[in-house]
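Letter by letter, the chains look like this.
2 protein chains.
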Amino acid sequence: MIKVITSKNNERVKFACSLKENKNRKIHKMFLAETFKSLQMALKNNLVVEIFALEYVDAPSEIPQNLVSEDVLKKLSSNVNPEGVVFIAKMPEYQVNNPSKVLYLDDISDPGNMGTLIRTALAFDYDLVVTSENSVSIYNEKVINSSKGAIFQIPVVVGKLVDFVGTHEILVTNLSKKAIDFNSITIADKFVLVLGNESHGVNKETIKLASKEIVIPIKNIDSLNVAIAGGILMNKIH
Amino acid sequence: MIKVITSKNNERVKFACSLKENKNRKIHKMFLAETFKSLQMALKNNLVVEIFALEYVDAPSEIPQNLVSEDVLKKLSSNVNPEGVVFIAKMPEYQVNNPSKVLYLDDISDPGNMGTLIRTALAFDYDLVVTSENSVSIYNEKVINSSKGAIFQIPVVVGKLVDFVGTHEILVTNLSKKAIDFNSITIADKFVLVLGNESHGVNKETIKLASKEIVIPIKNIDSLNVAIAGGILMNKIH
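Read top to bottom, the protein sequences are chains A and B. Under our numbering, residues 304 to 541 are what the first sequence spells out, in order. Under our numbering, residues 304 to 541 are what the second sequence spells out, in order.
Don't read these hints as lab results, they were simulated from the structure. Hints are not guaranteed to be accurate.
Heads up, the list lumps identical chains together, so a pair's fine if it works in one copy or across two of them.
Derived pair list, reagent style DSS-like, types lysine-lysine, alpha-carbon separation capped at 27 Å [said to hold, decoys possible]:
| id | residue 1 | residue 2 |
| --- | --- | --- |
| 1 | Lys340 | Lys522 |
| 2 | Lys522 | Lys445 |
| 3 | Lys377 | Lys481 |
| 4 | Lys323 | Lys480 |
| 5 | Lys377 | Lys445 |
| 6 | Lys377 | Lys493 |
| 7 | Lys340 | Lys515 |
This one's a predicted model, so the numbers in the text were calculated from it and none came from an experiment.
Could you put together the complete structure from these sequences and hints?
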């Protein structure tokens, strides 16, 4: 089913663009993604609903495919130089049984950081990423873009840290004096690594749940970017 | 010397905005920066030329200071929600004698990645960051923003990797099969850590200069974000 679309006011284009808003993503349980690499990962996981591309893309024929003009693609894309494909994906539904390695994002606000952290968690074979209620939306376009397709391969859910207390060691990154050098810790079989907000760090309520507070020893400046800190910690703790 | 500016067409505002272009930055050897934290770091290093702020900022009286309206600030700023201060800084001039710990960026194109890498190099006490000719401009506003003031504290210059051959061990990150696990290497007193472009990795000519090719062992995906890889490597190699 291949259609040609040259108007930015086409109904399917308007529907796709409506998914740039969180409330519409929630209603339809769908979101927008782009790049060929992400498309491959989404196809592999049967999560592609509809494709908008400059040229025909190799995909199962039951997935509606729209050949669009460059200005239509630019309207759909969140990149200044779109790669040539934008697609509607359905939100994956996960049943994660007994995850061992969990990353918890406590009010992460920058979508680039969240996407990069999801990509990194996949690279270090984490079982699950949990984001706090007040974190940026998982399906924000910039999260999806910077996850580089990882969003289609690792379970990412909104949830509560307290649900892991008692079963998992809770490792909370913190810059306080109580925090211990992460290089010196031993790692439990089941753990949650907790990273905090870009400006104010982890919440006070979160710290109360910590089994251990950990820190990366650095010099000259107060803190690392949260995605960098996450990368350094996940490289050791996994 | 405090002036009040409410017009976006004011000559000083126009001059400041002209520094958003690389060619003008090169002519005047100045660039735009923002946030109070960066301002503090720049003041400490005597690099502030002129300040534009919503309210008076505590700074030496010889530095021209302009109190500006919100729309003037928005014109000057590269952030959607500017923090309240934008300033013109002069490009630092460095004499780096005999640097031991060097980070070399081989055609890094994303300004956020470059800024974050500069911040991380400062945190791990590197002596020098060298960027290839084809990397994004060091003084691009997004580089400055994501460096979080680190640009005022660690020498960053455009240069050539070949200048370090013979005196430094050249550690090149590469995804080839020849590359060895970075965890297993011993670190020389003097080294250059080399990171490659976001899409195509390090250049072929760069690989030829390698003392060692190194890799971070990961699963499930092809590669990490370059700033994340840099963070993981610098945490070990410093």
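Each hint, compared with the structure:
1. Taking the shortest Cα distances, lysine 340 and lysine 522 sit within 27 Å of each other only across copies (17 Å), while inside one copy they are farther apart (38 Å).
2. Proximity of lysine 522 to lysine 445 under the C-alpha cut-off of 27 Å is restricted to the inter-copy arrangement: shortest distance 23 Å between copies versus 31 Å within a copy.
3. Proximity of lysine 377 and lysine 481 under a CA criterion of 27 Å is satisfied in neither setting, with 50 Å inside one chain copy and 41 Å between copies.
4. For the homomeric pair lysine 323 and lysine 480, neither the shortest alpha-carbon distance inside one copy (42 Å) nor that between copies (41 Å) is at most 27 Å.
5. For the homomeric pair lysine 377 and lysine 445, the shortest alpha-carbon distances inside one copy (15 Å) and between copies (23 Å) are both at most 27 Å.
6. Within a single copy, lysine 377 and lysine 493 get their C-alpha atoms no closer than 44 Å, and across copies no closer than 47 Å, so neither meets the 27 Å cut-off.
7. With identical chains, the CA atoms of lysine 340 and lysine 515 are never at most 27 Å apart, being 38 Å at best within one copy and 30 Å at best between copies.
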